[in-house]
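**Student:** Residue numbers (this note's numbering), protein chains in the order written: chain A, 1396 to 1913; chain B, 9 to 127; chain C, 946 to 1061.
The set of hints was computed from the structure by calculation and includes no laboratory data.
Note that beta-carbon positions come from the ideal geometry of N, C-alpha and C, so glycine has one too.
Hints may contain errors.
To be verified - PhoX-like, lysine-lysine: derived pairs with alpha carbons at most 20 Å apart:
1. 1509/A with 1903/A
2. 1453/A with 1903/A
3. 1604/A with 1481/A
4. 113/B with 1043/C
5. 1424/A with 1514/A
6. 113/B with 37/B
7. 32/B with 1043/C
8. 1043/C with 33/B
9. 1481/A with 1398/A
10. 1786/A with 1877/A
11. 1398/A with 1453/A
12. 1043/C with 37/B
To be verified - Cβ-to-Cβ under 10 Å is the rule here; a few derived chain A residues that face chain C:
13. 1460
14. 1619
15. 1621
16. 1629
17. 1836
18. 1837
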Amino acid sequence: MIKHIPILLIAIPLLAAFMLPIIGRIGIKVRDLVVLMVLLTVNFLLFYIIPEVALNGKVMYYVVGAVDPSALHPESLGFPIRIVLKIDGFSLFMGIISAVVALSAFLYSQSYIKNDERKSYYQILLMLMLVGMLGLELTNDLFNFFVFMEVLSISCAALVAYNTEERHPPYAGYKYMLISAIATSFLLLGIGFCYAQYGSFNMDYIHSKMQHNLIDKMAMIFMIIPLAMKAGAIPMHMWVPDTYSEAPAPVTAMLVTASQASLYALFRFSFSLYGNPVSSVSINYNTLGWIIITLGVLSMFIGVTMALVQHDVKRLMAFHAVSQTGYMLLGVGVGIAVYAAADGGSSFNAYGKVAMTGGIFHIMNHAFYKGLLFLTSGVIVRRFGTRNLDKMIGLAHRDTFTAVAFIIGAMAIAGIPPFNGFASKILIYESVYKFSPLLSVIAMFVSVLTLASFVKVFYSAFLGPRRDDLIVDKSPLPFGMKAGMGILCVLVVLLGLFPDVVIETLVKPAVSALVTIR
Amino acid sequence: MGNYFLYVTVVLLIFIGVTALLYKKNLIKIVIALNIVESGLNLFFLTLAYRPGGTAPIFTLAPGLEELKMVLPTPQALILTNIVIGFATSALMLTLAIMTYRNNKTLDIQKLRGVEDHD
Amino acid sequence: MNNVHFSLDITGIFWNPIALVIIFAAIMILIFIWGRISFNRDYNEKTAQVKPFNSGNVEEIDYNVQSSNLYWGFRRALSGFYTRMIEYHDGDLNNYLKWMVIIVALCLLLVSGGFL
């Protein structure tokens, strides 16, 4: 049974998503129970294969549609002929992040989204988002990747426009869909170039035959820059604040994970398609690394300086999502820049690998604390009826749980020990300092400004005298919302107290799955 | 020589589509421009798959092994998938444009700014 | 999992989080006990001493300094930067796509110039 897990991870939520209209006719509780069981099953399956894939370093292949799913190449042909799914360390790492954030967002949206006749569609789209993300992360085939990316884009755009009666959400959904459609069109152009050169869509086959000539380099640019746009890198990031602020709060927590799926694809294409060159002619990894480092440093700085002056609480947090994406780009960019350095790998072993570990660990930390912050912002917006920070005061008197969750999230994003932001940020600071001290100084300055803007949000939303006349929704906090925020709080604290457990178990196998020379 | 003509058409289609995306202000025209870009991409894959003198890639009633020459089938599957994805994308974007018009009474992206939260 | 240890191995700092949390909890308990013994409340409730004080207002007010005015110095110092950046983020879809086309064009120039 364990050899069928790659296809079960995609098939179970997909089946549930398409059966939900029928199950929803039976009753609301049955429908919610089915979705909860499906999410728990996906989480359990992903954690079940940690010992085999991550700790032993074995890569699970699954050939879809073959008699024996683990037979990669038919004997008579020289290249793979079917769609191949592949779970290695990095895919498992991203899959765990997507599944855990999906579970928290589902528990939160049980109480947050009203139970009217559209709630079934909301849950169907949430399941389809999870299918899109898991399919994108588990596949080894470029065509399959493109299809799952479109599934993810369409379901995300429809969920962003969920409140269709207000003025701005449908236009925000339109913007998201347009940006995603342009990104996937350019991506398809790059995939077409790769197919034209090598005759196959399989990523392993293209990697073994890659010649790094001019058309391949053009294909790399057409694949990497639109993926950076979807992940929210400067200067293509302007759709992020408009879209994240109009979506309902649990959907925004999932949108963060969707942007990180694009970041996963960016790193996967840089390393698994264009890495480990078999010939002496290859792309100049130093230049590619510096391009990614430039995008990262600009994202960090511009994201946080724009976040300092916002009036809208969700727009402020969306700018912080852009800024933290810059940290991940900086970490992995430093790793790429010293990947094929002329000193035989000593600088990569000294600080390149640590920078990549920090950048990739930051992906997990960012998903958890940014999801927690967006869920608490949902409580704030629900209580005050407005997103404007100037009209909020004194929520900590009523909602102590939310205030504590917000403090945990804000201290984690600022990089204060013992929360998990500190663990990944210090890995990035220490290794980037050895590469170039100026970048590390900019990163620390950005961290200070991050703390400043979250102090501003905490000051205006939670501190101050208690004014019950400004509070619109006076009901007590439901259990679903507390459970959703509670899971992420516990994970943030645990990952901060025991970072080495996660680094040895999940992050180092992810880095060694990406880097195959050294 | 015929293939070069088709590749030039692909480049022209993508160029026209991207230029219209960058300079048109109506929401519906942006959807049309996106469809032009996707048509260009479909034509690109179609031209990739062609082999001069090849038949359709079906084994039933195919000519004998000496003169068996077929066009590539995999990009044709990708073209069909892309057409369906483009259809779903256009349907979603047009629905969202209708909702935007119903809520805001305008389809002009210069008037739909809606962001007035900086001082 | 035989080489898992519960601390981050960075040279130069002491990072053992369990020991840090235990030390923090012990200091908190000491401060709590000392506070109960020697602190006492010396303000009067239900007078103006519990209301927020905003630089000398004589009438009673019930709001804080608006959060948009907290960092006015930083914003005034970087005002040129901010006016440019805010007009980029105004919601115009054409400009969003123009930036991506510009970056793709720049990177293609780098590729054809032989740098990448």
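**Student:** Indicate, hint by hint, whether the structure satisfies it.
**Tutor:** Okay, the hints, checked on the actual structure:
no.	hint	in the structure
1	1509/A with 1903/A	violated, 42 Å
2	1453/A with 1903/A	holds, 14 Å
3	1604/A with 1481/A	holds, 19 Å
4	113/B with 1043/C	violated, 26 Å
5	1424/A with 1514/A	holds, 12 Å
6	113/B with 37/B	holds, 17 Å
7	32/B with 1043/C	holds, 12 Å
8	1043/C with 33/B	holds, 14 Å
9	1481/A with 1398/A	holds, 11 Å
10	1786/A with 1877/A	violated, 25 Å
11	1398/A with 1453/A	holds, 12 Å
12	1043/C with 37/B	holds, 17 Å
13	1460	violated, 36 Å
14	1619	holds, 8 Å
15	1621	holds, 7 Å
16	1629	holds, 9 Å
17	1836	violated, 18 Å
18	1837	violated, 15 Å
The structure is inconsistent with the numbered hints 1, 4, 10, 13, 17 and 18, although it conforms to all the rest.
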